[in-house]
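Here is what each chain is made of, one letter per residue.
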Amino acid sequence: MTITPAVKAILDKYESDNPGVKGNLARILMNGRLGGTGKLIILPVDQGFEHGPARSFAVNPEAYDPHYHYQIAIDAGLSAYAAPLGMLEAGAGTFAGQIPTILKCNSSNSWASSANQALTGGVDDALRLGCSAIGFTIYPGSEDVFDMMEEIKELSAEAKSVGLPTVLWSYPRGGNLPKSGELALDVGAYAAHIAALMGAHIIKVKLPSDHIEQKEAKPAYEGTDWSAQSDRVRHVVQSCFNGRRIVVFSGGAAKGEDAVYQDARDIRDGGGNGSIIGRNTFQRSRPDALAMLDKLVNIYKNAE
Amino acid sequence: MTITPAVKAILDKYESDNPGVKGNLARILMNGRLGGTGKLIILPVDQGFEHGPARSFAVNPEAYDPHYHYQIAIDAGLSAYAAPLGMLEAGAGTFAGQIPTILKCNSSNSWASSANQALTGGVDDALRLGCSAIGFTIYPGSEDVFDMMEEIKELSAEAKSVGLPTVLWSYPRGGNLPKSGELALDVGAYAAHIAALMGAHIIKVKLPSDHIEQKEAKPAYEGTDWSAQSDRVRHVVQSCFNGRRIVVFSGGAAKGEDAVYQDARDIRDGGGNGSIIGRNTFQRSRPDALAMLDKLVNIYKNAE
Amino acid sequence: MTITPAVKAILDKYESDNPGVKGNLARILMNGRLGGTGKLIILPVDQGFEHGPARSFAVNPEAYDPHYHYQIAIDAGLSAYAAPLGMLEAGAGTFAGQIPTILKCNSSNSWASSANQALTGGVDDALRLGCSAIGFTIYPGSEDVFDMMEEIKELSAEAKSVGLPTVLWSYPRGGNLPKSGELALDVGAYAAHIAALMGAHIIKVKLPSDHIEQKEAKPAYEGTDWSAQSDRVRHVVQSCFNGRRIVVFSGGAAKGEDAVYQDARDIRDGGGNGSIIGRNTFQRSRPDALAMLDKLVNIYKNAE
Amino acid sequence: MTITPAVKAILDKYESDNPGVKGNLARILMNGRLGGTGKLIILPVDQGFEHGPARSFAVNPEAYDPHYHYQIAIDAGLSAYAAPLGMLEAGAGTFAGQIPTILKCNSSNSWASSANQALTGGVDDALRLGCSAIGFTIYPGSEDVFDMMEEIKELSAEAKSVGLPTVLWSYPRGGNLPKSGELALDVGAYAAHIAALMGAHIIKVKLPSDHIEQKEAKPAYEGTDWSAQSDRVRHVVQSCFNGRRIVVFSGGAAKGEDAVYQDARDIRDGGGNGSIIGRNTFQRSRPDALAMLDKLVNIYKNAE
Amino acid sequence: MTITPAVKAILDKYESDNPGVKGNLARILMNGRLGGTGKLIILPVDQGFEHGPARSFAVNPEAYDPHYHYQIAIDAGLSAYAAPLGMLEAGAGTFAGQIPTILKCNSSNSWASSANQALTGGVDDALRLGCSAIGFTIYPGSEDVFDMMEEIKELSAEAKSVGLPTVLWSYPRGGNLPKSGELALDVGAYAAHIAALMGAHIIKVKLPSDHIEQKEAKPAYEGTDWSAQSDRVRHVVQSCFNGRRIVVFSGGAAKGEDAVYQDARDIRDGGGNGSIIGRNTFQRSRPDALAMLDKLVNIYKNAE
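Protein chains in written order, with the numbering used here: chain A, 1 to 304; chain B, 1 to 304; chain C, 1 to 304; chain D, 1 to 304; chain E, 1 to 304.
Since the hints were made in silico from the structure, they are not lab data.
These numbers were taken from a predicted model, which means no experiment stands behind them.
Each hint should be verified, as a subset may be incorrect.
Same chains, same label: a pair holds when it works inside one copy or across any pair of copies.
Derived BS3-like pairs (lysine-lysine); straight-line CA-CA distance at most 25 Å [claimed, not checked]:
hint, residue 1, residue 2
1, Lys8, Lys301
2, Lys255, Lys179
3, Lys255, Lys295
4, Lys153, Lys206
Construct all of the structure, not just a fragment, from the sequences and the given hints.
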């Protein structure tokens, strides 16, 4: 497998990491149909933890089976598959070596009374399951965010030492941050920047709206037209060390295909590295999901 | 002891586990009168911790003696016996090798001011006592559930490494979850799914009612008739990785025999793996309990 | 599985061991066609280490496959199967839960320049592979025997703490001990006694001849007729704490069936617990081996 | 990357290993031009340690540069590249993710006064450098072989726990073994069998001659014609758990092309998994080496 | 301090090292009058350990004072100062931040009965004393070299993880290597290569003679004229990964100035990185030493 110049350019930006971390980033960036383009699509399936099984899978009951997700990620030629411990354990033997996996190491649930998550997996688990990265969520804004940051500081340091990169979900939530501000451009860019500052290798954020939430931040955004989503993506990428870190955007709740495609075009045009797209995948029938992922791959290949 | 195809099919689903874990699961699944059927009945005796001795045993004073429970589990041909540290220590020598045991590693009590439990046993204890698994309770919904999840994450990883599977009691309780919702179908399936995601090998939940508690979950359940208990069991099994994990259902408070038998038939018909049945066993006289367990075994053997 | 009085009587003699050790002894003593009799037949396959593959298996090429040995031990209804690390790893998943296994933790080879062995497995391996015991060889007489004894002291202590019994191969060899004395009655009884003194749970020695090797020991043996092999067995059993420890005898090189049967009758009549019989099993064709093992089982059952 | 049935069949034989180990074996078996065939060619460059730089590289001075070896392994489409610590460190960043690497963890040199090696790398090094396996040499026959075996026992157990397989070079040498016997068929098969018993995942031995060295082994080889090299390969494969372990054969000193090709055909026809071919690669000019490796790949693909 | 292209090119070759290691290498390479040239002169003062104080310092009694060496290294504008623990402790406070230091971590003495050294310093010492690297000696050829290699393997791994590079003195000595062969070209190149393979960052060897010691190596050296010392230097540099590692040459016993200068010119012309020059420094008077070092600096600057 010869690394393409596009991927080589990305790897070179991780200049403090050991070859193990670079090798695992390369494994993700060279896998699947987007392999070598510098773009990536990750399938995350942790919504069962967040929302429960029926809300996640009843619409497409095949998706109750962990093998379903491994298989669709492989068949669609995706870059990687991310899931919590039990989901990976239920397929890691059968699919060993077939798709890079990311162990999601913390998880919340619908009853959480604080904006926090529980540690549910670790670096030892990631190694024995053959994962290519660990994943973790922080909630900037939460009263518990310092605890979450300290957890990922420890976990990420351990992971780096054994050659595993960190994918950081950075979702503003909780504390004094109103619901209305969670998707604000300034807030999203800030959350992405925090992830970069924490030493994450791949940063996962939501697509931001054009709302500016923080009063103190408004002057910095005034005088620019933020109505184009691709421009907002570009600002988030800029906030991740001016493009020195991989940034992927989540798809959010299941929605119409056209909206999904437009999001991908905007991510691509704004310089984002790709999509991490769960519910919009597994809450469609398998043929519909494969058709949608095929089109997304083509968008990222600039073929559509 | 030749493994039956039914048991082999179950073991093959634990594809990330070492032969030690598989061997202990096989020990449980091949033991007693249901050995080889893929069904199991576990006797749990931790109610003394939960409710105190008199509430638990006064109705059948022989049951104050730990040997009583070992003996009835053996005589009834059950699959395994689960109890806290002291209960096992009081009989583990006498009954060594006669019945697989499960060390219940955390416990609550009647005065608990939070929905949490104390760690009261560990993997070292389980090994020195010759146990075939560890047991643990989490309370999804509780404000302390993240702590409980982090405890079992550590304990379960240690157990897996030395060949011991984990039985996870997942009982919704506490926090914002109203008492009325604890047995709701959506809540029970969610709790079972969380246990699977945590990497549990055997999942223990309560038989759910047809109530749907969570507003957000209602759409996922609408349009289906949930009045049959066997259908609700089937949904819980589906929520445990579509049947890739063993699921057993608890009997709850002592009740009439017919209700106990109907529960077992519904578990069986819904594809559940069996019952974990404590108070309904030891709060009956020994002859009555043996007769009831005999009938339950026959139900799971499809003989009644 | 109800323990028989015969097995219970044996377990009671291991009065300082924890229930984990007793449980694993019970697993071996209750397994297979001799289960419950207090007698046992163990299949050991470590001759590949000692003599190389062709000398061990060329006569019956199916035996090159590790699954062959697991399967014949199961099909013949033996008590346990003992082998080095790689041999167990190559079958432990397929046969998990079907036959108690013993991890042989040290091994020699044909080129060894000293009467010693290398550590090739450990307690962690035994746990992850689901073994019921560890096995180890010492060479009383060797200049290295103190090192070997110190190794098993450490290993056995660790094993006991996690519920694993120790099977100790005690084979006089090396140092000032002449080849002619290795099978002497006084030497064999002494070697067995050393194994008991080391804290072994199951002692494996060779059937002794009626030769008395040590000048100083001769007076103690004079005046007794040692011509009957069963009497010599009885003396070895006596030397293992007067029957408080399980003693099994090895079959040595492949030989005629009648000699094998006579050995078993003498072991039985002398109060030995059974045979550990490798080459005489796997160097016969599978039908012949099964027929021979069937007859041996019947001998130990007093049926022949 | 979908695993082929040929590779899946191999992975299934490693039934006691965790998904991490299986994934790394899959990485090697799916890489390069032989990816998916179940055959493999490994480039090992540790001769600088063994023989010094000039004896190794003067004939083709480009080979003094560690990048040269990475690049030729990639350009020739080989399965993996094996080298000592410093050699890997000098290229692991540049070539991260481009070729599976094997960290050779012990090494000898020309002045060694005993048949032994020094530990020069460890599992932590392998992880930080992103290696897919560790490599290690034992010298069956050596007076130090017990020490070497105990070193790899520890190292291999650690590697397995973090998902790294072990490649074991098993080269008879030293002690009472005469030089003339090092390549004997009985000795080579025995060395391969020892590697399998030690729990190695990939076994590397030399192509054996038809000489039988050990007097005791002669009867086991008599009556069979061992003049065909492919039959000798078949016997070595049989000695590695009847084909349950991957076996590769080393090329030895640089020699004529036709001899190299005939060796490969014999390895293929005898059921071996491939070649590990160092000096015959880097002691040729780059064009000649690429042409030779191209032909070897075709031989293993049954195309020549 | 802007890194020069010459130094940047060197640092880029340490592609598996973390920024801490690179930073310390840069500190040495950018210090003093040769800073930025890619050349370096190191002052080592460990001869007190090797030969005793009087043999080392009586000729220039100021040199008994550890401050003397720090001061002359600073005043002469050298790259770094290397010494054993006590020597550094006696000046590290006074001269903190004034000159990069290298803690020599093992040492021999005149009474040593084997070709080995004692560990006399560690990574913790190096950190608390503010050192820029650790130093270590191995004796290729010695019967103890495997032990020495295993010591530096451990020490170097620890050092790398905390950002400290390793300077490896590789001096052939002991075992079957005759005194006459210690300076042979093949032997010196081999020793340098071993240091590179061990993962050393800076390799220190002696200037080799044109003698070829090893019979097996002779063919690789035949047909080339090795009479020019600069060509021999070039071969040693080639043997250190074709120039991917820094190589410095030691001056040996005190000798005439002209010989010292010619050595430096040959090192420079052969592509070596510089000199490590102890006795030729401190066994001269301070003015003489400063004058000599000034001239050496100019030679490496190509100014003489």
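A quick look at each hint next to the structure:
1. For the homomeric pair lysine 8 and lysine 301, the shortest alpha-carbon distance inside one copy (17 Å) is at most 25 Å, but the shortest distance between copies (31 Å) is not.
2. Proximity of lysine 255 to lysine 179 under the C-alpha cut-off of 25 Å is restricted to the intra-copy arrangement: shortest distance 20 Å within a copy versus 35 Å between copies.
3. Taking the shortest alpha-carbon separations for lysine 255 and lysine 295, only the intra-copy value of 15 Å comes in at or below 25 Å, while the best inter-copy value is 51 Å.
4. With identical chains, the CA atoms of lysine 153 and lysine 206 are at most 25 Å apart within one copy only, with a shortest distance of 22 Å there and 29 Å across copies.
Violation of the numbered hints given earlier is absent; every hint is satisfied by the structure.
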